[in-house]
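Sequence order for the protein chains is A and B. Positions 5 to 189 (the numbering used here) are the ones given, in order, by the first sequence. Positions -7 to 398 (the numbering used here) are the ones given, in order, by the second sequence.
Check the hints yourself; a few may be wrong.
Claimed, not checked - Which residues of chain B face chain A? A few of them, derived with a C-beta cut under 7 Å, are:
| id | residue |
| --- | --- |
| 1 | Gln7 |
| 2 | Leu8 |
| 3 | Leu15 |
| 4 | Ala29 |
| 5 | Val238 |
| 6 | Leu241 |
Source of the hints: derived by calculation from the structure; they are not laboratory data. Ideal Cβ placement from N, Cα and C applies to all residues, glycine included.
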Amino acid sequence: MQTLTGTGVTMGDRAQVRDAEFEAYMQARQPSLLRTAYLLTGNRHNAEDLVQTSLAKLYLAWDKVQDRGSVDGYVRRIMVNENNSLWRRGWKKREHASDTLPEHPVVDEYDEGRSSQLWEVVQTLPRKQRAVVVLRYYEQLTEAEVAEILGISVGTVKSQASRALATLRGRAPESLHPRHSEEER
Amino acid sequence: MNTHHDELEQLLGRQLHDQVDHLGGHPLSLGDVTGRAGRIRRNRRIAAGLGSAAAVAIIVPVAVFAGRGVDDADRPIEPAPSPDAPTEVARTTLTLTGLERGDAPGVEYFTPDGVVLPEDGLRRLDPSYQALVPSPADGGWIAVDPPRDSLSYLSEDFQPQGGSSKTAGLATTPDRAWVSWTATEAGAQTLLLHSTTDPEAGMAWDFPELPEVSPVGFVAEDRVVFEATDRKGSVEAGIAEPDGSVTPLPGLVGVMSADPVEGRIALQTTVNDDASGCSGVLDPAVSTTEPIWETCDHSLGAFSPDGRYVMASSPYGDGLGLTRLEILDAGTGELVAEFTQRRSSQIALVMPVWESADAIVAVGVEGETQTLVRLGVDGTLEEVVEPMQGEFGDLYFYFGEDRTRF
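Construct the entire structure; sequences and hints are all you get.
Set out below in structure tokens:
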């Protein structure tokens, strides 16, 4: 076994440490990544595939990325780019034909199911608007962080989010409209 | 404060959580991930081995829409003999520090302050416009506003002239004498071709409401290459011909760009389930199905304005932007120049566009430093604007949407 440094760390030792670090990260973050991937793709099969590919690319870049102290941002960016590139390559949506909902969909009893109707509309948004919506309103990232992940300007994030909200309001059922909400009160 | 807006945002956030908070699944093991990583690495190595000489033209069977090309990727790839001897490849290490300052960019670029025109410098412009094409025929501009999916005519001093229309895509010839976009109205789409110099010149092709038609480029000034994407994401492509007919381009995954000088089309031919894939260049005058050359080592971007070269990069988007950029001979696929970074480097190239027949300009990003760089076909690399220390995550410079193909 080749000794790399005078500290006694061998390549094999380093690989074991590296894999252990990666595995710890993966185990800790996988559920969260899967949830984000689900919101980006709209079904669990594609979400799991997206997470696996994204983690694989993260694994290949692990030495490079972990020094940046922003692994979460990096893997999110891989995931969004990968999802967008798959969309561009024209096969992801074909698999959407077999969309299935999560195992335990929850209807919020306090909003009489209005929010689940929103999800239906979210799934019709263009991919970039949808990514902005997921990162901004699910991941609760700042506009600057969303811009970094998507590789677009903050101004575009703002306009995409605004347009997505306008679409949601326009296409969502009447019960989501402000006037209706006021009347309910 | 818009309380209705806030209410919707809160409801949206809650709904997104509701959809996934109880999402179950089979946890991936380290072996699952390293196995997928191994496939990616193996495909990269195979592709690099075949493509490194870059003097070869690679021909593989073209995948069809019915499949994802997985089987094709497993078939042996046979390099075709190159008619010419390999030429010397210009190899340059990417850096953003210590670069010589070159002339200002020869194409317009956008900043948060407006658009910077090669002749006039900075001009104030609504930042929502992300493409700007001069229209000498009426003394104004054609502008695209992607967030609103609209195209507008602007006056010479960038004031909206009305008549904005819902549109998809914008393609221009390299000299920007011709533009094409899709106008959408209820129940129908029209693929439009307009001359920017002659208000009388133009064509229109009518399509049904679906699949969604979007122009990609030109194989001649009166022949528009377009993609048509249906609700399920299936892509078909064709050439809108001057006699009103359409020439189908069957059996491809997607069209990346087109070149009106040599009449060639850059396309993606296969895609694998690990997101790797192959690309190639099609000459529809020779065949509408068989590329004249193909590579599994690159994804392809825009052709140079003279059609001699085509931009290329890694077939994988790894989240950092382009970490390498190559220039290939568009006729053979031969590597002409490559710009790669050191292993420890964190430079990303964003939105590379052709500035001239022998130079590309791109946004260079390293940490919070952003600048514009010029990458020459001869391997030269120079800085062309004063670098900016941008806020984290905010892309300060960008190029017109019709020019960018990566």
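Hints, verified against the model:
Annotation: B/Gln7 was flagged as interfacial toward chain A, and the flag holds, the nearest CB pair being 4 Å apart, inside 7 Å. For B/Leu8, the shortest C-beta to C-beta distance to chain A is roughly 4 Å, which falls under 7 Å, so the interface hint holds. Against a cut-off of 7 Å between C-beta atoms, the interface hint on B/Leu15 holds, since the closest Cβ of chain A lies about 5 Å away. At about 4 Å, the closest approach between the beta carbon of B/Ala29 and any beta carbon in chain A falls short of 7 Å, and the interface hint on this residue holds.
The interface hint given for B/Val238 is violated, since its Cβ lies 19 Å from the closest Cβ of chain A, which is over the 7 Å cut-off. Here the hint on B/Leu241 is broken, as its CB sits about 13 Å from the closest CB of chain A, past 7 Å.
When each numbered hint is compared with the structure, violations occur for hints 5 and 6.
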